[in-house]
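Protein chains in written order, with the working numbering: chain H, 1 to 424; chain V, 1 to 424.
Hints are computed from structural coordinates only; laboratory data are not their basis. Hints should not be assumed to be uniformly reliable.
[Unchecked claim] SDA-like, lysine to any residue: derived pairs with alpha carbons at most 25 Å apart:
(1) V:K23 with H:R47
(2) H:K310 with V:V110
(3) V:K23 with H:T112
(4) V:K23 with H:H115
(5) H:K23 with V:R417
(6) H:K23 with V:P114
(7) H:K311 with V:Q288
(8) H:K23 with V:K23
(9) V:K310 with V:D117
(10) V:K310 with H:R47
(11) V:K23 with H:D207
(12) H:K310 with H:R225
(13) H:K23 with V:Q288
(14) H:K23 with V:V110
There are 2 protein chains.
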Amino acid sequence: MAPDDSSSRLLSQDEALRARALKVIPGGMWGHMNVARLPPGYPQFFRSASGCRLRDMAGTEYVDLMCGYGPIVLGYGDPDVEAAATAQRGRGDLMTGPAECQIELAELVVETIPHADWVLFAKNGTDATTACVTIARAGTQRRKVLVAKGSYHGAAPWCTPSLAGVTAEDRAHILHFDYNDVPSLELAADEAGCDLAAVLVTAFKHDVRRHQEAPTPAFTHAVRRICNAAGAALILDDVRAGFRLHTGGSWEPYGVRPDLCAWSKAIANGHPLAAVTGTDRFRDAAQQVYVTGSFWCSAVPMAAAIATIKKLRATGAIATMEAMGHRLRDGLEAQARAHDIRLRQTGPVQMPMIMFEDDPDFVLGYRFVQEALRRGAYMHPWHNMFLCAAHQADDIDRVLEATNEALKQVAALVDRRQSAKAVQ
Amino acid sequence: MAPDDSSSRLLSQDEALRARALKVIPGGMWGHMNVARLPPGYPQFFRSASGCRLRDMAGTEYVDLMCGYGPIVLGYGDPDVEAAATAQRGRGDLMTGPAECQIELAELVVETIPHADWVLFAKNGTDATTACVTIARAGTQRRKVLVAKGSYHGAAPWCTPSLAGVTAEDRAHILHFDYNDVPSLELAADEAGCDLAAVLVTAFKHDVRRHQEAPTPAFTHAVRRICNAAGAALILDDVRAGFRLHTGGSWEPYGVRPDLCAWSKAIANGHPLAAVTGTDRFRDAAQQVYVTGSFWCSAVPMAAAIATIKKLRATGAIATMEAMGHRLRDGLEAQARAHDIRLRQTGPVQMPMIMFEDDPDFVLGYRFVQEALRRGAYMHPWHNMFLCAAHQADDIDRVLEATNEALKQVAALVDRRQSAKAVQ
Chain H
1 MAPDDSSSRL LSQDEALRAR ALKVIPGGMW GHMNVARLPP GYPQFFRSAS GCRLRDMAGT
61 EYVDLMCGYG PIVLGYGDPD VEAAATAQRG RGDLMTGPAE CQIELAELVV ETIPHADWVL
121 FAKNGTDATT ACVTIARAGT QRRKVLVAKG SYHGAAPWCT PSLAGVTAED RAHILHFDYN
181 DVPSLELAAD EAGCDLAAVL VTAFKHDVRR HQEAPTPAFT HAVRRICNAA GAALILDDVR
241 AGFRLHTGGS WEPYGVRPDL CAWSKAIANG HPLAAVTGTD RFRDAAQQVY VTGSFWCSAV
301 PMAAAIATIK KLRATGAIAT MEAMGHRLRD GLEAQARAHD IRLRQTGPVQ MPMIMFEDDP
361 DFVLGYRFVQ EALRRGAYMH PWHNMFLCAA HQADDIDRVL EATNEALKQV AALVDRRQSA
421 KAVQ
Chain V
1 MAPDDSSSRL LSQDEALRAR ALKVIPGGMW GHMNVARLPP GYPQFFRSAS GCRLRDMAGT
61 EYVDLMCGYG PIVLGYGDPD VEAAATAQRG RGDLMTGPAE CQIELAELVV ETIPHADWVL
121 FAKNGTDATT ACVTIARAGT QRRKVLVAKG SYHGAAPWCT PSLAGVTAED RAHILHFDYN
181 DVPSLELAAD EAGCDLAAVL VTAFKHDVRR HQEAPTPAFT HAVRRICNAA GAALILDDVR
241 AGFRLHTGGS WEPYGVRPDL CAWSKAIANG HPLAAVTGTD RFRDAAQQVY VTGSFWCSAV
301 PMAAAIATIK KLRATGAIAT MEAMGHRLRD GLEAQARAHD IRLRQTGPVQ MPMIMFEDDP
361 DFVLGYRFVQ EALRRGAYMH PWHNMFLCAA HQADDIDRVL EATNEALKQV AALVDRRQSA
421 KAVQ
């Protein structure tokens, strides 16, 4: 389908920037925001963002279902968060020591998160997961860490998905199990034996390119039981899901609490912050471990985090996201039925993964998101998406208009494939 | 000496915050900004900062010679940097992809730094040094990295100064040499043999609790020669010194250029940003390595970095810092002579280390900084300090008034110690 005038202008501006980027950045872009990972047609650069809307370089507006890959939980430029950030910025951000708001935030975190007896702050999710592992090792005087196969825990050598530049020793003490598979977890724990320092788990199985899975209650309790029996730390990696499912931590509904927990992304509605929370058992270990960074005491992101957490608690933002998530899921399900498309929607409704059955190469998935994108809905074909509290019914309905047309295109594609098969 | 009223009010407010902190943060504070590392009397918390001045919780003002441990290179709240940050903030900060300013900054970095054919951005200095090591390993398909004994390269398990929670494997491929000692460097390179991936060096020997040392020209050239001979990467860790000594990189005056370089701290005048620059030889490796973080494409720190680098280049800010650094060094030298104190000042003048001869336990050093602090100069007894372009002659003169009184106290202390020795 030929692009219309506006998308051709979009490509020319965005592509001009990409051509410049290619000269000065390896591959033009690094990491998870590199649209080389997506089908053609996605803008790489954005001009502005507000609420749940993004505007690309050509001025085309999208309802954003990625929310910056998670950090935006209340909406871009949330007025309460930005007012708090602005007020702190007028006093000081990075100084030669922290501001008072560091303690206010620490107290708020400890008050909000049931397992948390203490907290320390960092900048990246990877900082937080790495610190959790190091604190668990220091506290237990052991080395082995059990990690679910395929789980993403950050981009440091011990956990990054690409093995380029990684040595075998970087992962010498990492053992694997299958998420939600208790026997495989027990087997890995046996293998670690008396050297088991920690079990590290994501809030749910949110691996890329896979249908998402909630943890089974049996699995969550088995993780806790195995850690208790071994004297190991249960580390919850709540970087991706934290503050979007439950303000007290994503395993609260299961009645299972971690010893250590890694947070980042949504904690400050887009301002750069990460956190490690823990129980008193690991307080001394956390004090012994030397972790720091030049900007870890910066005050503006902390002021933003206070406003974010308070607003999440006060406004029922998570319930709003759930309601909008259900509206999207139900709408899509009805559309898929109408178009006779086998869509599979997994994950918590506010962190939806939308894939097609029997679509291992994402032929349908790519067509779907491309057609939705052309109609103003920014979706991802193989990474969980993120709703925020700024998504309102009319935003979701705008997405659903786009997906309805997109599913029509997918249905036509399926028909053509089936006709071609019948001819063969 | 009894604290006067104002410092007693200071302690009560600051100490009340510390008592609250102790409950919710392990040890009350983590990392390099923990004033438990300093003698009593230092405020832990700050109310505000502007230019080169800090204000503590009691409102007491200090001329800050730490500048946030380095990031503040133009002055707190520099109007040009903040105007650029505010303008970008109005459009968007963290979005679902980068803003145009990411490419403008990348082009500016590549234009400003002679060895840089490309750049990628991160959040922490540790992100940048770790990425350099990983990229060097990916590019050379080797593992060994030579590091100077005692050099600080960050706070990840492979490099953090504390061994709590660190496994032997985390450092399996790190070999050591002595900074400025060419034979020890050659020995370490021989030991690494054909597995030598990189030599990682700080811009100068800026270890804590030690007199600082400039790299000898012979050493800088030996590092380059050894890397060339072995096909290894010369990684310059310019996190601490970058953009304060030379906008093109701290080894430019030596005519020695790195293959990979880690930057952070001063790059955006306090906004959270780090960078890796490299040569075309390592472009493919940089593309293969998967490094990323939730906030690595945030636009506000990039807009701040553009304004910072442009202002550093346009205003001769480094020359200003050098002039003020000389004013401080010369003034202190004259004071030390007048008080017959054996002071030793090392490091680049704009990153001064001020210690006392024959003071291994910092008895004189601690007294000196405590007395200076009480008189409005925030100094550090055993970490290099940082001047910024906002330090003007009257700020330095205010520091010198404080140090003159402080040196009087130190001289009295020396006299009492010598009398006590004579009596024994």
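Task: Broken hints, by number - done: 1, 2, 5, 7, 8, 11 and 12
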